[in-house]
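As you go down the protein sequences, you meet chains W and P in turn. First residue of the first sequence? That's 1 in my numbering, and the numbers climb one at a time after it. First residue of the second sequence? That's 1 in my numbering, and the numbers climb one at a time after it.
FYI, nobody ran anything at the bench for these hints, they're computed from the structure. Each hint should be verified, as a subset may be incorrect.
Listed below are the simulated DSBU-like cross-link pairs for lysine-lysine, each with C-alpha atoms no more than 35 Å apart in a straight line [unchecked claim]:
id, chain 1, residue 1, chain 2, residue 2
1, W, Lys37, P, Lys152
2, W, Lys103, P, Lys167
3, W, Lys70, W, Lys103
4, P, Lys152, W, Lys132
5, W, Lys139, P, Lys76
6, P, Lys166, W, Lys103
7, W, Lys13, P, Lys76
8, W, Lys132, P, Lys166
9, W, Lys36, P, Lys152
10, P, Lys167, W, Lys13
11, W, Lys37, W, Lys139
12, W, Lys13, P, Lys152
13, W, Lys132, P, Lys76
14, W, Lys75, W, Lys132
15, W, Lys13, W, Lys132
16, W, Lys13, W, Lys2
17, P, Lys166, W, Lys139
18, P, Lys152, W, Lys75
19, W, Lys70, W, Lys13
20, W, Lys132, W, Lys70
21, W, Lys103, P, Lys76
22, W, Lys75, W, Lys37
23, P, Lys166, W, Lys36
24, P, Lys167, W, Lys181
Listed below are the residues making up each chain.
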Amino acid sequence: MKQYWEIFAAFFKIGAFTFGGGYAMVPLIRNEVVDKKHWIADDEFMDMLAIAQSMPGPLALNTALFVGNKRLGFKGSLFSAAGVILPSFISILLIAMIFTQFKTNPIVERIFKGIRPAVVALIAAPLLGLGKSAGVTLKNIWIPISVALCAWLLHISPMYIVLACIALGILHLLYVKQTLK
Amino acid sequence: MELASLYLALFVSFFKIGLFGFGGGYAMLPLIQHEVVESHHWISVADFTDIVAISQTTPGPIAFNSATYIGYTSVKNLGFSNFESIFGSAMCTLAVSLPSIIIMTIVCAFFARLSNNVWMRASLSVLKPGIIGLIAAAALMLINNYNFIDYKSWIIFAAVFIASLKKIDPILLIVLSGIVGLVLY
């Protein structure tokens, strides 16, 4: 049982001290579980990370789940998941309870008038760098552009967009296989 | 709305967000916004932007943060008790995590070498650049009359955009723009 709580504590710490989620968390998780605790070998960690990134859901949660699972099986993954979820759950719940009372406060409203455009800029600014690392080139730039237009202007649910992207990728492979025959 | 049906609708929405939220973080925002703002009107666009701002300054992934926050406020806004709202918040957080728990358990059991699988790579070949489009949509959807109220909003936007390209810490930028808002408005 002690081992389970150790996993819980490690991921609680990771969940509590990483801001910005996902990609900011991965180096910390690696440092903790590969370098410090030796729970999982580095090459296995990198392999699983590639899979975790391709699966739906928050990356930090997926990473926590596979580390917990590799170390102590399914039950271990539940402890690591609880550890990584709880810090954000507790802090956001407290903020929700307090913030809903202060929202109409004029000072809070003024502060948020300044913050809102900043939030949009923080989402837009990394797009170029992210596009490069996702392999976007002039040849396939129609994909992100049409996805953005479908979600933004046509209000199509991203759920269908994701499904359509997966289907297109598979159809393309089938087409390539067919023409090779 | 009856409490049980609200809980069910929240659960279904956040389960969907967990199941179809590829690419994590900002890429999940259009899906979250589609479910909680456009389809169900649980919160307003302005509230949604505030949740994103709060998420950027608090620990943890944005999907958890929005699940916890929306689970609480949507129940509370309909006049239910604090306890019922906290339950809603815990349930949404669980709902958004559940698809990951199921999928990663299956992955760990069967597909240790899935990343080299040709079908897996084919499914991701269009989705990966597509995710960039979803992040762009997240930004475009938030450019609206609630978040951009006058020319000063655009000055803040431009300043933060440039500062962010220069790798200045996002938390610092949010704190600074909050101070600027307090001074300007």
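Results for each hint:
1. W/Lys37 with P/Lys152: The hint is violated at about 50 Å.
2. W/Lys103 with P/Lys167: holds, 30 Å
3. W/Lys70 with W/Lys103: violated, 44 Å
4. P/Lys152 with W/Lys132: holds, 31 Å
5. W/Lys139 with P/Lys76: violated, 48 Å
6. P/Lys166 with W/Lys103: At roughly 32 Å apart (the allowed maximum being 35 Å), lysine 103 of chain W and lysine 166 of chain P satisfy the hint.
7. W/Lys13 with P/Lys76: holds, 30 Å
8. W/Lys132 with P/Lys166: Holds. Lysine 132 of chain W to lysine 166 of chain P sits at ~17 Å (cutoff 35 Å).
9. W/Lys36 with P/Lys152: This hinted pair is violated, its Cα atoms lying about 48 Å apart.
10. P/Lys167 with W/Lys13: holds, 25 Å
11. W/Lys37 with W/Lys139: violated, 44 Å
12. W/Lys13 with P/Lys152: violated, 39 Å
13. W/Lys132 with P/Lys76: Not satisfied, since the Cα-Cα distance of roughly 42 Å exceeds 35 Å.
14. W/Lys75 with W/Lys132: violated, 38 Å
15. W/Lys13 with W/Lys132: Holds. Lysine 13 of chain W to lysine 132 of chain W sits at ~32 Å (cutoff 35 Å).
16. W/Lys13 with W/Lys2: holds, 17 Å
17. P/Lys166 with W/Lys139: holds, 28 Å
18. P/Lys152 with W/Lys75: violated, 52 Å
19. W/Lys70 with W/Lys13: holds, 19 Å
20. W/Lys132 with W/Lys70: Measuring from Cα to Cα gives roughly 32 Å; hence the hint holds.
21. W/Lys103 with P/Lys76: Distance of about 14 Å is within 35 Å: holds.
22. W/Lys75 with W/Lys37: holds, 19 Å
23. P/Lys166 with W/Lys36: At roughly 32 Å apart (the allowed maximum being 35 Å), lysine 36 of chain W and lysine 166 of chain P satisfy the hint.
24. P/Lys167 with W/Lys181: With a Cα-Cα distance of about 49 Å, the restraint between lysine 167 of chain P and lysine 181 of chain W is violated, given a limit of 35 Å.
Taken one by one, the earlier hints fail for this structure at numbers 1, 3, 5, 9, 11, 12, 13, 14, 18 and 24, listed in ascending order.
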